[in-house]
Structures are given as structure tokens and as C-alpha cells.
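Build the complex: two chains, separate frames, hints provided.
Here are the chains, one letter per residue:
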Amino acid sequence: MAHGHLEIVRYIPELKPQLLQVQTHLWSRDVRLNDAYFRWKYEENPYFREPLVHLALCDGQVVGMRGMCGARWQVGVRPETFVAPYADDLVVSPEHRNRGLFTQIMRAALDEVAGRGLDYVFNLSAGRTTQLGSLSMGWKSAGGVGAVGRRPRAPRPLTAILNRTHFLRRYLSTPASGAFARLDRMAERGAKWSVGAMSLSKHPRPEAMADLIARLPLDGRFRHVRDAAYFGWRFRNPFRDYRFLYVGESRLDGYMVLQCQPNGQAGSARVNIVDWEATDATIRDALLDAALQGAFAELVIWSASMDAERRDLLRRRAFGPIDEADAARGVPGILIRPVRDDALRADWTIHGRRLLDVANWDMRMLYSMHG
Amino acid sequence: MTVREELIDFIHSCGVEGLGDITGDTALFSSGLLDSLALFSLVAWVEERIGVPLDPTTVDLLAEWGTVDELSRFVETRSGSSR
Chain C
1 MAHGHLEIVR YIPELKPQLL QVQTHLWSRD VRLNDAYFRW KYEENPYFRE PLVHLALCDG
61 QVVGMRGMCG ARWQVGVRPE TFVAPYADDL VVSPEHRNRG LFTQIMRAAL DEVAGRGLDY
121 VFNLSAGRTT QLGSLSMGWK SAGGVGAVGR RPRAPRPLTA ILNRTHFLRR YLSTPASGAF
181 ARLDRMAERG AKWSVGAMSL SKHPRPEAMA DLIARLPLDG RFRHVRDAAY FGWRFRNPFR
241 DYRFLYVGES RLDGYMVLQC QPNGQAGSAR VNIVDWEATD ATIRDALLDA ALQGAFAELV
301 IWSASMDAER RDLLRRRAFG PIDEADAARG VPGILIRPVR DDALRADWTI HGRRLLDVAN
361 WDMRMLYSMH G
Chain A
1 MTVREELIDF IHSCGVEGLG DITGDTALFS SGLLDSLALF SLVAWVEERI GVPLDPTTVD
61 LLAEWGTVDE LSRFVETRSG SSR
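Sequences listed follow chains C and A, in order.
The first sequence begins at 1 in our numbering and counts up by one.
The second sequence begins at 1 in our numbering and counts up by one.
Calculated directly from the structure, the hints in this document are not laboratory data.
You may find that some hints are simply not true.
What the hints assert, rightly or not - Just a few of them, taken from the derived set where beta-carbon distance is under 8 Å, the chain C residues facing chain A:
#, residue
1, Ser-93
2, Arg-97
3, Gly-100
4, Gln-104
5, Leu-132
6, Gly-138
7, Ser-194
8, Arg-329
Stated by the list, open to error - What follows is a list of derived Cβ distance ranges for each label pair:
#, chain 1, residue 1, chain 2, residue 2, range
9, A, Glu-5, C, Leu-216, 29 to 39 Å
10, C, Glu-249, A, Arg-78, 56 to 66 Å
11, C, Ser-199, A, Asp-55, 39 to 49 Å
12, C, Ala-346, A, Val-59, 13 to 23 Å
13, A, Asp-21, C, Asp-312, 52 to 62 Å
14, A, Pro-53, C, Ala-308, 25 to 35 Å
15, C, Ala-295, A, Asp-55, 32 to 42 Å
16, A, Asp-25, C, Asp-347, 22 to 32 Å
17, A, Met-1, C, Ala-328, 28 to 38 Å
18, A, Val-59, C, Arg-182, 41 to 51 Å
19, C, Thr-282, A, Val-59, 36 to 46 Å
Quick reminder that beta carbons are idealized off the backbone N, C-alpha and C, glycines included.
Here chain A stands alone, though its shape is the one from the complex (with noise of 0.2 Å):
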């Protein structure tokens, strides 16, 4: 399962009402639909595949985790792995 595959199905977890289908270009924070807690469980996942906390203020979450592609990209560098 690639990272992105993974990230889909994270979402849908979080029973996000909206969304549609989920895509590469589905973008998570200017629909407004990822409200604070289902943000919160994102930053847990994030946290969990890179295996350091994140400290958010130190990315630009609009450009840098602005679709799921672009989340997909931080994740793979900032764990290493290119799935």
C-alpha cells in the first residue's frame, strides 16, 4: 500500500462529511472540511509514520500539505522512504 493509499484510507476513518471521492488532488484545508479534531488525528498519523513529533508551526500547511499528494510528498521525505 503506497503512502497516498494509506493517507485515503486514514481519512475516510475520520468520517469526514463532503469529501467525495478521495483523490490525489482532493485538497484537505480549503474545502474546510477537515475540522480541528479530524487535523488533530492527521497530525497523529503524520507523527506516526515519520517517528518524531512535528512541531506544525514549522510547515506551511497550506502549501506544503495543501492536497493529498502534497501530504503524500512531506510524509515520504520526512520518513525517508519512498514507497
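Isolated chain C (complex conformation) (with noise of 0.2 Å):
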């Protein structure tokens, strides 16, 4: 067992080096893909302009991290906004684990965000061990995401088959970069969608997409800013590639931004429908299709916070529960803390809305960092 001086401190630049070695033990083992990471979420993030990283120090080399990521939040029909921190990228080395790291270093961050004049943080991706030490720090749930996801129908033999093997099934899945450049083949050998002015493209449309959210009623729900600066900011995420549907042409009717993780990480066979806006059910109707036709391995979306019309869309194309194991326990869900621990009894509100009633969420995976 490890023994020494620990100390938590504020990130600085000099510490970045030690900091994306640590994190070799949560983002991935390529210290140049951490370093842009890192950059893209914390140094470009347009809402903090200084980084809200926390690090764990043993005798002066970084042994732990917990990152705040900046994320505006709007709220309301005719909507306000604020700021709540997404607290994620909570790594503690190993030989340093169950020293009670965790909890100073959360503890520091908060003591920062509300020296920032904040209110809340919030998580939206964490997985069972982080969701547990949240918990025990006085976070709570709003409820869970509702994933849905959709494999393509095999004969009903081979589905046995697969079903019984997973080790045949990663094999001869659709590996997800595969299930793009299938989706781009299409559209560069000019396919017919189910509409007109429908395109697939790399790239995200930034003005265009917010554009289309500024036109579209809005229900008062919570939900992530989806402005300009938000879109143009949120898909350089090194760790993910995109797809985007698009319908229309400098004005926008619809669109679907459709994500995975790059060939050889884990999980790199599921593809997420990270957002899907449109004008009119016809519209989103074909864009789900315009989708289906990547026949991806698996095609998942959150659907706890649909309306009735496209949770029976999904239902009609075949959308079931997954992670049947994990939602049964919370994950992924909705985690929220009061940044002061006075306010931890109190009843947890933003301009008059109750933080911990899904009812009161429009969930999307992109606000999360699973998009």
C-alpha cells in the first residue's frame, strides 16, 4: 500500500504531463489522444475559461484527477439560463485507491464551484463505481436515460447462435467505422433517401443546427444551450466519430447526429443517435430510417425523456431495452448535487423546476459526455 505526503491542488499547465499519464488509467493508454482530450474539454470548453481540474498529489507527482467541464443549461418556455459543471473524469491511481482521495478531491472542486458562484453540478455519464461514490457524497438521482437500442434481424438460427456467443458476435458484427463508411458510400454514390435534400456529411453545421433548435417550440424542459458556440465546439471530441443527417439545404427541416467511438476502442460496435431535431414527424420519420439503412451492429438512443410519437417510432422500427443490468440499477442516469452542503436537505430547484423529476428533463445523449 502506497504511503506518502497527499495533498489536492488546482491544475496548473506544469502538471499536465504526470496528469495525462494518470489518465492512462481511464481515457485510453495513448498519452498524445489524452493531451488532446484534455485540451478540447477543458482548455477550448467554451464555458470555463480556465480549466476546473482538481488533482491528487503524493509527494508532489499526480496520483488522482477530477475534472468540472463547463455546460451551460437553459430552462423554461420563455428560457434561462446558467451554468452547471459536468463533473466527469474521475481517476484515482491505483496504488493510491481507498486512501479517501475520492473525496477531497470532489470536495476541493466543490469548494471552487461555489467560490464561482454556482448552484449545482451535474453528471450525466457515470458508471456504477462513480455513480456509488457520488452517492455517498450526497448526489442524486433525477432517474434514469432509458436506452433503447436496435440490432439488425438475422435468420432466426443464426440469432440463436449469436446470441449464445458472444465472442461470434463481436466477430461478425458490423464493426461501427464500417457501418459509416458504408452510410458514406451511400451517399457518395448519390442514394435515394425517403425525402428530398437529405445529406449525410463529417462535419457539423453549426448555425444551421442551432438555427433549427431557435425555430422549434421549446417545452421548458432542462436542456443543454444548443447555440452556434455549442455545436461548433462539441463534435472535436478526439475520442468519438460523428455522422450527420441532414434535412434541407442552408435552412435546415431536420437532423440526426449519429456517433461512435473509433475502430479498436471498446464498445466501438455500438453506434448512438446522439441528437435527432426536426420540423415535423415526416421529417423524423425518414431520418431514423435514412439510419437504419448503416445496418449497424447496434443503434441505441435514450428515449426516458421522448414524447409519446417518437418513443412509438422506435417501438415500430424494433427498439428494445438494453443494458438491461445496469439501468436496473440507476446507470446511466441523471446525477445532481447542490455544490453547498447546506442546500443537500433542501428541495433542489432552478427557476421554480424540480431537479429530481425526470418529467423535468429533455435528455439528449449529446449533453452527456457518452455522445
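Here it is in C-alpha cells:
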């Protein structure tokens, strides 16, 4: 068991090389990729000018990290906006676990958030271990995200064999980037989509996407602000590949954002629908149809906060519950904590809306680091 | 062996540093010494005793699992046994 002088400090650039090394336990083994991720998420974040990152040092060496990524939310039909940091990227070197570092780093981060005059922190991508650590520090869950997924239909005997042999399924399924390649090829060959003016791109159209969001009616639930600045930043995550289905020319009538992890990373066979917007149901349907032509090994979307029309559409296309063991334990879910301990026993609200009521959320995978 | 004794044995087996002598009043979370991995094992231990999967988001961990005695009572109640 490791011993030494422990302290919690704010991030300074001089400690970055050590931090990136410690993150090989969480992000990736590739330190250059970790550097790109840190730069995107914390140094180029549109909401925080300075990274809100705390480090645990043992005898001056970085042994742990907790990050708070800037995120701007809105609520209300005449929307009020607020910043609620997204707590993420908790890692402690294996030899320093079970020494209370999780709590100490989190405490320091909450103190700094309080100092910035902010009231709540959110986490939308906690796995089971981080979820438990968070709950033990007073975080609460507003509810699960209702992940549903769809696999391509295979002849029944083949399905039965694949279901029994995860090894075979992994190798016989279409890799995610291969599925994107199929969509890419379809687009290059001038695919006939079910509505005119549909296109596929590898690039976001931040202004046009934000313009569509601004034209759609608001229902007042909590959701991330989706403006051009957000869209311009959001899709530069180096750990993700994206494809954008658009309906419309300069003025969009709909879009869908598909995301996967690059080949070779864990979970790279899964493709996620991280955002999906349209001016009417016909366009929404056409976007889903186009995505299904990718024949992905698995296509997943969060459905808990969807309206009945969208849920019905997904049911008709054979989407069903997935990851049920995790879902039964509330993972992934919407985790929330007031910054100040004296607010832990209060009713948690922002602009009169209860945060712990899942019906008050319009939750999309885009807002989470899963997306 | 009582549930409390089993729980204390289990916490010792997690290799947590700094808890000292573990008694019924020992605070499990405010001490901050149960890191998330130990918590993960703790939840698995609870699930094994109550015989069903547990959604921890439905539990107020600070109030219901705050001390060894509180967690022991939780397990006894949920498992329907009072050994």
C-alpha cells in the first residue's frame, strides 16, 4: 500500500504531463490522444476559460484527478440559462485507492465551484463505481436515461447462435466505422433517401443546426443550450466519430447526429443517436430510416424523456431495452448535487423547476460525455 | 455471526486504510475512506445478503447507510431476517 504526503491542488499546466499519464488508467493508453481530449474538453471549453480540474498529489506526483467541464443549460419556455459544471473524469492511480482521495478531490472541486457562485453540479455519464462514490457524497439521481437499442434482424437460428456466443457476435457484427463507411458510400453514390434534400456529412453545421433549434417550440424542460458556439465545440471530441444526417439546404428542417467510438476502442461496435431534431414527424421518421440503412451492429438512443410520438416510432422500428442490468441500478442516469452542503436537505430547484423529477428533463446523449 | 459482525469483517477485507477500530458507530461515508471501488464491493455484498439487485439511486446512502449500524439495519430489514 502506497504512503506519502497527500495534497489536493488546482490544475496548473506544469502538471499536465503527469495528469495525462494518470489518465491512461481511464481515458486511453495513448498519451497524445489524452492530451487532445484534455485540450478539447477543458482548455477549449466555451463556458470556462480556465480548466476546473483538481489533482491529488502524493509527494508532489500526480496520483488522481477530478474534472468539472463547463456546460450551459436552459429551463423555461422563456428560457433562463445557467451554468452547471459537468463533473467527470475521476481517476485515482490503483496504488492510491481506498485512501479517501475520491472524497478529498471532490470536496476541493465543490469548494471551487461554490467560489464561482454556481449552485449545482451534474454528471450524466457515471458508471457504477463513480455513481456509488457520488451517491455516498450526497448526489442524487433524477432518474435513468432509458437506453433503447436495435440490432439488425438475422435469420432466427443465426440469432440464437450469436446470442449464445458473444465472441462470435463481436467478430461477425459490422464494426461501427465500417457501418459509417457504408453510409458514406451510399451518400457518395447519390443514395435515394426517403425525403428529398437529405444529405450525409462528416461535419457539423453549427449555425444551421442552432437556427433549427431556435425555430422549434420549447417545452421548458431542462436541456443544454444548443447554440452555434456549442455545436462548433461539441463535435471535436477526439474519442468520437460523428456523422450528420441533414434535411434541408441552407435552412435545415431536421438533423440527426450519429456517433461511435473509433475502431479498436471498447464499445466500438455500437452507434449512438446523440441528437435528433426535425420540424415534423415525417422528417423525423425519414432521418431514422436513413440511419437504419447503415445496418449498424447496434443502434442506441436514450428515450426516457421522449414524447409518445418518438417512442412509438422507435418501438415500430424494433428498438427495445438494452443494458438492462445497468439500467436496473440506475446507470446511466442524471446525477445532481448542490454545491453547498447546507442545501443537501432542501428541495433542489432551478427557476422553480424540480431537478430531481425526470419529467422536467429533455435528456439527450449529446449532453452527456457518452455522446 | 450477526449482520453487523459480517459487515465489519467485510469492511476489513476491503483493505480500507484509516478507519481504525470499526464499531457500530463508525461513519462509512463522511470519513471519505470508502473509495468507489470499495463501495462497489459493498453494494455487491448487500445485494448478496438481500438476495436481489439493488438500485442504489433509490437509497439515501448518507441517511440509510451512514454508519455500520445503519447499514446493518438496512440489510436486516431488506432481507426480512433479524439475526
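Quick rundown of the hints versus the structure:
With a least beta-carbon distance of about 12 Å to chain A, the hint placing C/Ser-93 at the interface is violated under the 8 Å criterion. This hint holds: C/Arg-97 has a C-beta 5 Å from the nearest C-beta of chain A, less than the 8 Å allowed. For the restraint placing C/Gly-100 at the interface with chain A, the shortest Cβ-Cβ distance is roughly 4 Å, inside the 8 Å limit, so the hint holds. Using the Cβ-Cβ criterion of 8 Å, the hint placing C/Gln-104 at the interface with chain A is satisfied: the shortest such distance is roughly 7 Å.
Taking 8 Å as the C-beta contact cut-off toward chain A, the hint placing C/Leu-132 at the interface holds, the least distance being around 4 Å. Below 8 Å, beta-carbon pairs count as interface contacts, and C/Gly-138 has one with chain A at about 6 Å; its hint therefore holds. The interface hint given for C/Ser-194 is broken, as the beta carbon of that residue sits about 40 Å from the closest beta carbon of chain A, more than 8 Å. Restraint check, C/Arg-329 versus chain A: the minimum CB separation of about 5 Å is within 8 Å; hint holds.
Taking the beta carbon of each, A/Glu-5 and C/Leu-216 are about 59 Å apart, not inside 29 to 39 Å as hinted. In this structure, C/Glu-249 and A/Arg-78 meet the distance hint of 56 to 66 Å, their C-beta atoms being roughly 59 Å apart. Judged by the Cβ atoms, the range 39 to 49 Å given for C/Ser-199 and A/Asp-55 holds: they are separated by roughly 42 Å. For the pair C/Ala-346 and A/Val-59, the supplied restraint of 13 to 23 Å holds, since their beta-carbon distance comes to about 19 Å.
The hinted range of 52 to 62 Å is satisfied by A/Asp-21 and C/Asp-312, whose Cβ atoms lie roughly 59 Å apart. Checked against the hint of 25 to 35 Å, the pair A/Pro-53 and C/Ala-308 passes, with Cβ atoms roughly 29 Å apart. Hint check: C/Ala-295 to A/Asp-55, Cβ distance near 34 Å, so the stated range 32 to 42 Å holds. Taking the beta carbon of each, A/Asp-25 and C/Asp-347 are about 30 Å apart, inside 22 to 32 Å as hinted.
Taking 28 to 38 Å as the suggested C-beta distance range, the pair A/Met-1 and C/Ala-328 conforms, at roughly 29 Å. For the pair A/Val-59 and C/Arg-182, the supplied restraint of 41 to 51 Å holds, since their beta-carbon distance comes to about 45 Å. Separated by about 45 Å at the C-beta atoms, C/Thr-282 and A/Val-59 satisfy the suggested range of 36 to 46 Å.
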